[in-house]
Amino acid sequence: MNNVGYGLTGTGSRWQQLAARPHSMTACLGVPEAPTARADATFTVTVVSRDGVGPELMTAVKEVFKAADLPVEFEEFHLSEVQHMDSNEKLQQALASMKTNRVAMKGKINTPVEFKGELAGFEMKIRRRLDLFANVVHVNSLPGYSTRHNNLVIIREQTEGEYSYLDHEIHHIFVPGVIECLKIITREFAFDYANIMNLADGLFLQFCAEVAELYPKIKYNNLIIDNCCMQLVLNPYQFDVLVIPNLYGNIIDNLAAGLVDGEGVVPGESYSAEYAVFETGARHPFAQAVGRNIGNPTAMLLSTANMLHHLNLEYHCNMLSDAVRRVIKQGKMRTRDLGGYSTTGDFVQVVVGNLRHRPAY
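Per this note's numbering, the very first residue in the sequence shown carries number 1; after that it's consecutive.
If you are wondering where the hints come from, they were derived from the structure by calculation, not from laboratory data. Note that the coordinates shown come from a computational prediction; the quantities given were computed from them, not determined experimentally. Please note that the accuracy of each hint is not assured.
The calculated label-pair distances, taken between Cβ atoms and stated as ranges, are [said to hold, decoys possible]:
no., residue 1, residue 2, range
1, 87, 234, 43 to 49 angstroms
2, 147, 292, 23 to 29 angstroms
3, 209, 229, 19 to 25 angstroms
4, 231, 96, 29 to 35 angstroms
5, 76, 356, 37 to 43 angstroms
6, 224, 258, 18 to 24 angstroms
7, 71, 92, 26 to 32 angstroms
8, 69, 339, 40 to 46 angstroms
9, 88, 66, 30 to 36 angstroms
The C-beta atom is built at its ideal place from N, Cα and C for all residues, glycine as well.
All chains, please: the whole structure from these sequences, using the hints.
What follows is the structure in structure tokens.
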């Protein structure tokens, strides 16, 4: 990759750890080695889903895993603050499983309309309890379905900034190193977005520039958020990697998903120093599709392929990824978001059929 918009940042921080290991995407992100398989050579993965089409997509994943005879077992938890107002106890059970297994698959958990702004949202609690500070979104054109951009990786900080849910708390306390400007940006992850907010965002470019000097072969640039959005629409080919703070990343994730025709084909994952959580890249629950069997499982299947890579199951990763890409390339089986009429179940069955054409790795 030769272009970075914004950049990795932080002195003595988690983000410097990300830059220290150049072997693979998971290695580059400084995440730990994959969990050790059990004696029967299987991995246990936590599955969390409830809102929107999440449960249906997880069912699709389980069907494919069963057909492929993958060495993965699931511990399932259903969480929703909207449908069932699940208790904090259920959240703690899911978190305990995620901490034990260190790898999870997760669907979108909606925050209720009456949310007051405290640290109560399940999504944010999961991120903060596991310290999932780096969210990675893969925006790619799939073979046989060309779109406006071929390859873009977005790395988003997601435990600080506007979505930290702490912006009203620090009126009453003093926290060294924290600057309040309706958001929190610490020296652990920073850019210098000084021409808009000289203090809060001003930490971003300052440390980004310092880290960029350590990687002279990587072309580094910075953009203000409004120009970045415009450039993504006008000329997305100029970008290879975007590293973005929390709120801006949430906007850019969804804008970039539009470059490849929507959230149904964009996989993602979140990392801490200890844990990895795999999910769709654009976190839209697609509630209007619930029960209609029309959700596109591509993003979730590709995300779980990335999970298999993280578990060092390279053969199985390639088998699943190639099967999904082969179905898209054939062009005969496409869900409605890609201009077709296939159901979720139809798509899954064709993917299962293509698993037989296993690549020789």
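- Message: Please check whether residue 209 and residue 229 have a Cβ separation lying inside 19 to 25 angstroms.
- Response: holds (22 angstroms)
- Query: So does residue 88 sit 30 to 36 angstroms from residue 66, Cβ to Cβ?
  - Reply: holds (32 angstroms)
- Task: With respect to the beta-carbon atoms only, verify the hint that residue 147 and residue 292 lie 23 to 29 angstroms apart.
- Result: holds (25 angstroms)
- Message: Given a hint of 26 to 32 angstroms, does the C-beta separation of residue 71 and residue 92 actually sit inside it?
- Response: holds (28 angstroms)
- Query: Do residue 224 and residue 258 keep their Cβ atoms within the hinted range of 18 to 24 angstroms?
  - Reply: The hinted range 18 to 24 angstroms holds for residue 224 and residue 258, with Cβ atoms some 20 angstroms apart.
- Is it true that the C-beta distance of residue 69 to residue 339 lies inside 40 to 46 angstroms, as the hint says? For residue 339 against residue 69, whose Cβ atoms are near 33 angstroms apart, the range 40 to 46 angstroms is violated.
- Query: So does residue 231 sit 29 to 35 angstroms from residue 96, Cβ to Cβ?
  - Reply: violated (43 angstroms)
- Query: Between residue 87 and residue 234, does the C-beta distance stay in 43 to 49 angstroms?
  - Reply: Holds: the Cβ-Cβ distance is about 48 angstroms, inside 43 to 49 angstroms.
- Task: Kindly confirm whether 37 to 43 angstroms is satisfied by the beta carbon distance between residue 76 and residue 356.
- Result: violated (27 angstroms)
The structure shown violates the earlier hints numbered 4, 5, 8.
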